[in-house]
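Protein chains: 2
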Amino acid sequence: MVTSRWTAATARPASLRRRGPVLERAILDAALEQLSTVGWNGLTMEGVAAGAQTGKAAVYRRWPSKEDLVADALQAGLPSFEGAPDLGSVREDLVALCRRARDAMYSRPGVALRAVIHECDPTQAERFHGVIFEGVVEPLLKLLREVIARGIERGEVRSDADNRYVADVIPAMMMYRSKMHGSEWSDEEIEEMVSRLMLPLLRPGAA
Amino acid sequence: MVTSRWTAATARPASLRRRGPVLERAILDAALEQLSTVGWNGLTMEGVAAGAQTGKAAVYRRWPSKEDLVADALQAGLPSFEGAPDLGSVREDLVALCRRARDAMYSRPGVALRAVIHECDPTQAERFHGVIFEGVVEPLLKLLREVIARGIERGEVRSDADNRYVADVIPAMMMYRSKMHGSEWSDEEIEEMVSRLMLPLLRPGAA
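Just so you know, the sequences run in chain order L and F.
The first sequence runs contiguously to residue 241 in the working numbering.
The second sequence runs contiguously to residue 241 in the working numbering.
These aren't lab readings, by the way, just hints derived from the structure by calculation.
Just so you know, these numbers come straight off a predicted model, no measurement behind them.
There could be a bad hint or two in this list.
If several chains are the same, the list does not tell them apart, and a pair holds so long as it fits within one copy or across any two.
[Unchecked claim] Simulated crosslink set (DSSO-like; lysine-lysine; CA at most 30 Å straight-line):
#1 K176 <-> K90
#2 K90 <-> K213
#3 K176 <-> K213
#4 K100 <-> K213
#5 K90 <-> K100
Starting from the given sequences, assemble the full structure and let the hints guide the process.
As structure tokens, then:
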């Protein structure tokens, strides 16, 4: 489907008359594509226009700056984290949640998002903080807290484990190891992290 | 000392004839300065030469590329992490160690190092992995492991806590929160992390 549209477009570029939402979607897709290949620093409005097979003016008409365009592209492309897993044990729920986070990290919008997080300086990054927090961090933390709360009800998890430091461990470890060790978070590594780190951290007992 | 040398150099730029190690040191300092202000992407050999008040040729004669120069500058500037704190309890030792890591993070070489970690793509980053691992990550992990081992001897820490997942938590949290929450790791935040995260994770008990 995508291939045939592309082929048709390449064959008759002049006839590629897309309007409104269709053209916008193509521009946002091209922005994500650029972010995940050349990164934030390499992304240009020209490159995005070329990727979307449109003119630079069509991009600037909708988004006055690279920052605005990238914020919208991330927002439109982010995966939704709806519904916490409920598999009967905190171990299984955490493994399922980490797998979901891993899949999101390595999706195209996830790669784009990480390029923005890592490459932007703090002033630029501020522009995207809302998008990242409301779109990814908060939804993930909400699911984690659900899983932990269910563990507390079942008596599997200590009652004071529902705090921000505990909730930050999984996203922190996933960011750190992918950045510093080039980890791609295999299923095995996820299971090891849950067994060796999360379960000891959450278990009830002498506090 | 630094100020007076700088002043003298500004007053008589033509007479600034430094050789060998003195000039090399000035170039490496200028590279760290550039990294911590304009970052990896902003750093140029021209900028470094200007910062060191020398010519581009003097830089290229010693370092054929930006990568080589930055690797040497990081190596020369990194703080040394010698000797684990030994204050009588795992809580105090961890707090002392985290403070030391925080101070290193916000030193000029630390800021430079983080610019490299965050901005480089994986191919470029590979060039610096040796420097970062041997210079920072491994020494810090070694101290952490010493603190944990001493806690195990004292019976404060469970015997299976000496593993890479546990050891990675502190560097992971420090990187994640400084990047995502703009945290500067106040003493209070360090103490909270140790109390709410590290002590529950390390405590002996039903595993």
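Quick rundown of the hints versus the structure:
In this homomeric assembly, K176 and K90 never come within 30 Å of each other (Cα to Cα): the closest approach is 40 Å inside a single copy and 53 Å across copies. Taking the shortest alpha-carbon separations for K90 and K213, neither the intra-copy value of 34 Å nor the inter-copy value of 33 Å comes in at or below 30 Å. Taking identical chains as interchangeable, the C-alpha atoms of K176 and K213 lie at most 30 Å apart whether they share a chain (24 Å) or sit on different chains (20 Å). Both within a single protomer and between protomers do K100 and K213 lie at most 30 Å apart by alpha-carbon distance, with minima of 25 Å and 21 Å respectively.
Taking identical chains as interchangeable, the C-alpha atoms of K90 and K100 lie at most 30 Å apart only when both belong to the same chain, with a minimum of 12 Å there against 33 Å between chains.
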